[in-house]
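Chains A and B supply the protein sequences, listed in that same order. FYI, in numbering that gives the first Met the number 0 the residues of the first sequence are 0 to 347. FYI, in numbering that gives the first Met the number 0 the residues of the second sequence are 0 to 289.
Among the hints, a few may not be true.
In silico DSS-like cross-links for lysine-lysine, where the CA-CA straight-line distance does not exceed 30 Å [as the list claims (entries may be wrong)]:
no.: 1; chain 1: B; residue 1: K185; chain 2: B; residue 2: K283
no.: 2; chain 1: A; residue 1: K6; chain 2: A; residue 2: K210
no.: 3; chain 1: A; residue 1: K210; chain 2: B; residue 2: K185
no.: 4; chain 1: B; residue 1: K283; chain 2: A; residue 2: K122
Don't read these hints as lab results, they were simulated from the structure.
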Amino acid sequence: MRSGNFKQNYRELLALTDSVAVVFWSCVLVAFLLAAPLVLPTYYVSVLLLLLITAVGVLGLNLLTGTTGLISLGHSGFLAVGAYTAGIVAGKLGWSMLPAILVGGLSAAIAGVIVGIPSLRLKGLYLAITTMAFAVIINHLILNGGTLTGGSEGLTVPQPSLFGRPLGAERGYYYVVLAFLVVFTFITLNILRSRIGRAFLAIREHDIAAKAMGVNLIRYKLLAFMISAFYTGIAGGLLAFYTRYLNVDSFSLLISIEALSMLIVGGLGTVAGALLGTAFIVLLNEGLGFVFGMIGASLGGAGSTAAYEIKGVIYGLAIVLFLRFEPDGLVGRWRDIKHYWTNWPFRF
Amino acid sequence: MDYFLQLLISGMAVGLIYGFIGMGFAMIYRATGVVNFAQGEMMMLVSYIAFTLAGTLHFGFWPMLAATVAISVLIGLVVEVLLIRPMLGQPVFSTVMVTIGLAVILRSVVVLIWGADPMPLNTGLSTEVIRIGPAGLYPAQLYALGLMAAVLVGLWAFFRYSRVGIAMRATANLQTAALLMGINVKRIFALSWALSAGLAAIAGVLIGVIYDVNPGMWTTGLRSFPAVILGGLDSVFGAALGGVLIGVVENLSEGYIGRGMKEIAGFVLILVVLMVRPYGLFGKPDIERV
Chain A
0 MRSGNFKQNY RELLALTDSV AVVFWSCVLV AFLLAAPLVL PTYYVSVLLL LLITAVGVLG
60 LNLLTGTTGL ISLGHSGFLA VGAYTAGIVA GKLGWSMLPA ILVGGLSAAI AGVIVGIPSL
120 RLKGLYLAIT TMAFAVIINH LILNGGTLTG GSEGLTVPQP SLFGRPLGAE RGYYYVVLAF
180 LVVFTFITLN ILRSRIGRAF LAIREHDIAA KAMGVNLIRY KLLAFMISAF YTGIAGGLLA
240 FYTRYLNVDS FSLLISIEAL SMLIVGGLGT VAGALLGTAF IVLLNEGLGF VFGMIGASLG
300 GAGSTAAYEI KGVIYGLAIV LFLRFEPDGL VGRWRDIKHY WTNWPFRF
Chain B
0 MDYFLQLLIS GMAVGLIYGF IGMGFAMIYR ATGVVNFAQG EMMMLVSYIA FTLAGTLHFG
60 FWPMLAATVA ISVLIGLVVE VLLIRPMLGQ PVFSTVMVTI GLAVILRSVV VLIWGADPMP
120 LNTGLSTEVI RIGPAGLYPA QLYALGLMAA VLVGLWAFFR YSRVGIAMRA TANLQTAALL
180 MGINVKRIFA LSWALSAGLA AIAGVLIGVI YDVNPGMWTT GLRSFPAVIL GGLDSVFGAA
240 LGGVLIGVVE NLSEGYIGRG MKEIAGFVLI LVVLMVRPYG LFGKPDIERV
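When you get a sec, could you build the whole thing from the sequences and use the hints?
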């Protein structure tokens, strides 16, 4: 008798999903995102745009920290490398948007390999702090990059354009970013079900055991760093054309921490978790900013700094409480709810 | 040569503060395997509390230091019981993220209570520069040296002779065995957090007296990471030495290589050291079995 979830051949086992509902709702989500710029006011579209860009980077961090188990606090560095490379080749060399973003991703990937080399000997928190050191050094290099990076004055990036036609921020560029996110989500899902993805998972569970099973640690750890940095570099390139002005202050360590908190809130190691967590934190940030902005405006100048700080407290509390009460993140909670309904009246 | 000595001595003075913060990191890591990313923020909070104490009670330097350390130890205990203990049994990474969350909260709380302007921490200590050869030092920096010596001797004796200290070493060595020997490991964890907060308090008061209290103080916590990594995350005494080394290297590179090198010299140094010794200079390598 057929019961529960079982597979009869390898193709079914390796399929992206076996559930019609997942395919259906994914299509609904994409359709909603496609329609969003047509119905939503510009402000919400630009929030959504930022969310999509962040999601690309968080997907990359998820591959490294969630799937391979290598903790990185240096992703703000990769983001900066991607953004500045894209900004420089577009602004100074006059490249068009798509090649500039790709070059941004590639240069971040190279940086990823360089950072990945120490990771071959380091583990856990030693690695986390080493990646942090990388981010600090990158910021220093950018700050002292002279005319190339603009130093503390920052760097302006030209307007995004596709095939010679300029794109408006909220309409045209939004679809470019959405296309990137959809493509990268598919790539991630496909990496995860391939030999590479299984090697990553094996390394996360126990790297020495993985090595004993024949996983080439040097190769796969570097590959994880490279792919992850590539994603984040692409996100950086997209960000460069979104903000159109780069300043080293916007690539602080807080970015890395925020990205990690997105992963944890969503659920480490799953693509759905990375996307959900990004949406949750970005919208939380925007929502809190909106609410406290109104309260602050009604209180005047001193009130608005207080409102800003209260927003910080709530943000920190959200991280702490999620870890305390929902260590598997939103995805874990969703799974529990699903099990509850499918197995009712049994508990499991 | 004078220039060199001057850089060396002022670097050591800064390094002592890194050392205190780094020892706090190491104290917690040794016992619990967690790096407290909120160490710099706890230091900042405590130093603001010292500011309030100094402003309202007009304590002298030493009574204020003692009172601040006592309050800080309590804060450390509260943090451990409220935030860290419930995370027992979760992956280390999750606990580390809790400390990051705590750091975000503390940063905002400090600005909410005390405002964003830097303020001097006045303790009636003279700010007249004492000249030692070519270098000038504040009295507080000399106190820092004395305090560091006292703390090092005190901790050494504590770990070597006291019952609790030996229990802490046993827990750091092997938790399961320590539990089986009847050591209350939870209490050891709480004690580690308390001691670490006490060390943070010393650092906070010293920074407040030497420079000022300001809402950007927590970055000193970040700058102390190289110190503890250099010494080895699980070596308390290594962190003290690492702090001094990092302080000196920062100052020398700033003086001889160029402006801004101070910010990254420590991080560059640990990148090099970790390539050679992945567990720092005095850290204990993990021997893993599959």
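Right, here's what the structure says about each hint:
Restraint check for B/K185 and B/K283: the C-alpha separation of about 23 Å stays at or below 30 Å, so the hint holds. Distance check on the hinted pair: A/K6 and A/K210 sit about 28 Å apart at the alpha-carbon level, within 30 Å; holds. Simply put, A/K210 and B/K185 have alpha-carbon atoms about 35 Å apart, too far for the 30 Å limit, and the pair is violated. A C-alpha spacing of about 13 Å is found between B/K283 and A/K122, which places the hinted pair at or below 30 Å, so the restraint holds.
In this structure, only the earlier hint numbered 3 is contradicted, and the remaining ones agree with it.
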